[in-house]
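Trainee: Line order of the protein sequences matches chains A and B.
To convert, note that position 123 of the first sequence is 123 in the UniProt record's numbering; the numbers rise steadily by one, no gaps.
To convert, note that position 11 of the second sequence is 11 in the UniProt record's numbering; the numbers rise steadily by one, no gaps.
These aren't lab readings, by the way, just hints derived from the structure by calculation.
You may find that some hints are simply not true.
[What the hints assert, rightly or not] Dumping the calculated DSS-like pairs for lysine-lysine here, alpha-carbon to alpha-carbon at most 30 Å:
id	chain 1	residue 1	chain 2	residue 2
1	B	LYS15	B	LYS211
2	A	LYS157	B	LYS99
3	A	LYS108	B	LYS211
4	A	LYS28	A	LYS227
5	A	LYS133	B	LYS15
6	A	LYS212	A	LYS28
7	B	LYS219	B	LYS99
8	B	LYS23	A	LYS155
9	B	LYS28	B	LYS15
10	A	LYS207	A	LYS133
11	A	LYS155	B	LYS20
12	B	LYS72	A	LYS133
[Stated by the list, open to error] Derived list of chain B stretches under chain A, where covered just means 3 residues or more per stretch with a C-beta under 8 Å from a C-beta of chain A:
id	stretch
13	23-31
14	113-119
15	140-146
We put the beta carbon where it would ideally sit given N, CA and C, even for glycine.
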Amino acid sequence: MIEVQNLHKSFGEAHILKGISTSFENGKTSLVIGQSGSGKTVFLKCLLGLFHPEEGSISYDGKIYSELNSNERRDLRSEMGMVFQGSALFDSMTILENVMFPLRMFTKQSLSEMQDRADFVLKRVNLADAHNKMPSEASGGMQKRVAIARAIVNKPKYLFCDEPNSGLDPKTAIVIDNLIQEITEEYNITTVINSHDMNSVMEIGEKIVFLKDGIKAWEGSKETIFKTDNEVVTDFVYSSELFKKVRQMYLEERQ
Amino acid sequence: MTYLHNIGAYFIMIKDMFRKPTKWSVMKILIFKDIDDLIIGSLGIVAFISFFVGGVVTIQTALNITNPLIPKYLVGFATRQSVILEFAPTFISIIMAGKVGSFITSSIGTMRVTEQIDALEVMGINAINYLVFPKFIALMLYPFVISIAMFLGILGGMAACIYGGFSTLEDYITGIQMDFIPFHITYAFIKTFVFAFCLATIPSFHGYFMKGGALEVGKASTTSFVWTSVVIILVNYILTQLLLS
Chain A
1 MIEVQNLHKS FGEAHILKGI STSFENGKTS LVIGQSGSGK TVFLKCLLGL FHPEEGSISY
61 DGKIYSELNS NERRDLRSEM GMVFQGSALF DSMTILENVM FPLRMFTKQS LSEMQDRADF
121 VLKRVNLADA HNKMPSEASG GMQKRVAIAR AIVNKPKYLF CDEPNSGLDP KTAIVIDNLI
181 QEITEEYNIT TVINSHDMNS VMEIGEKIVF LKDGIKAWEG SKETIFKTDN EVVTDFVYSS
241 ELFKKVRQMY LEERQ
Chain B
1 MTYLHNIGAY FIMIKDMFRK PTKWSVMKIL IFKDIDDLII GSLGIVAFIS FFVGGVVTIQ
61 TALNITNPLI PKYLVGFATR QSVILEFAPT FISIIMAGKV GSFITSSIGT MRVTEQIDAL
121 EVMGINAINY LVFPKFIALM LYPFVISIAM FLGILGGMAA CIYGGFSTLE DYITGIQMDF
181 IPFHITYAFI KTFVFAFCLA TIPSFHGYFM KGGALEVGKA STTSFVWTSV VIILVNYILT
241 QLLLS
């Protein structure tokens, strides 16, 4: 479980995160949503330890990040998996080498053991026959699946995804969303996803945190987000015509 | 203030390069890859330039010796001194700042832009050690490149001298053996090691700390070439003053 208390982060004069408090449970897929510039990526990078907040604390199963020494932080980070918006696969390595990379760095497994594990996770993300391809030869959806395989290969306790289905067609996006949710439940991982895609919210949003200008404006689940009267949330959720119609139907039903 | 900030950040990067080392089994592969990219991959251009510039130095020296009282073997002597003291270590290093430096900056910069460096950091890897240290070790073989440049520069001079009819082979050989001071080789290799350090670290700094997108990668490569050249020229002056005067 990840618990965030009163998180503040600034860059120079710009105060990006203004006292965010929330928590993310094990085995559940949590989404952080909000408009571009709302502070989602900064929030995620704080969770990952890439940015250091000025105020507030983040604890991972009771371990407060700011109180850990550098070796403990390194150990904690080896328990994290991250799927970046642009996949961030290493260009100089094949897909198999990319997936084996965390094992090479953090385990003492033999080459055959590492290959077996990488084979297993590549099969899990339906990429059993892409081992020797270079990342540049893979499609956007394949790259995302390789990134997920790399993120889970070392059996992480925490999985973070920054807009995992951006740039993908709606069908592939749903495949990626469902894959993340299945993996989260299967391995009992704490998963936090940054997104502004309402389809993802409808598919996998077990817990949703809505950010607006660096403030947590709303928190709930996919069942409650469409019923809330919070204007900030409804403005965002019903910005598309499709969702406006869904809202209309819901209000008519309620009357 | 920006310059001071960058100088401070550069020295912190140097310190971080030796902290939290990457697993040797992984580092070994990275070092061999960088030796291939930075050292072996540069031999062709270094050999080509050295041979022909050595020839040009010889021709220009021969053409400027118009006084019949000056012995012909001075052509070989002047070529040897120019090549060993200045041309091979410094001139080749400036060329390497363009070739190797731009390669280092653009490859690390692209990794920054595409979040590959963030991916390393998220995994708990010391990205500076992982990326810069193998380049530093690989470039410790740079004196090997400079030795080849010295040899080919003098060989090119010899070819130009004989085929251009400026002096005989015997005169040229006499010239390159005359008044040889072994410390000049030591001086050249001390410079080379310092230049190798600059070639590994300054372009890495510009790549690692760049911000922005693809356009900024190009700008960072240019800036890195300019600063690496400036530092090499300044260090060359300081070391020459310290070691030879």
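Trainee: Can you give the numbers of the hints that this structure goes against, from lowest to highest?
Mentor: 2, 3, 5, 10, 12, 15
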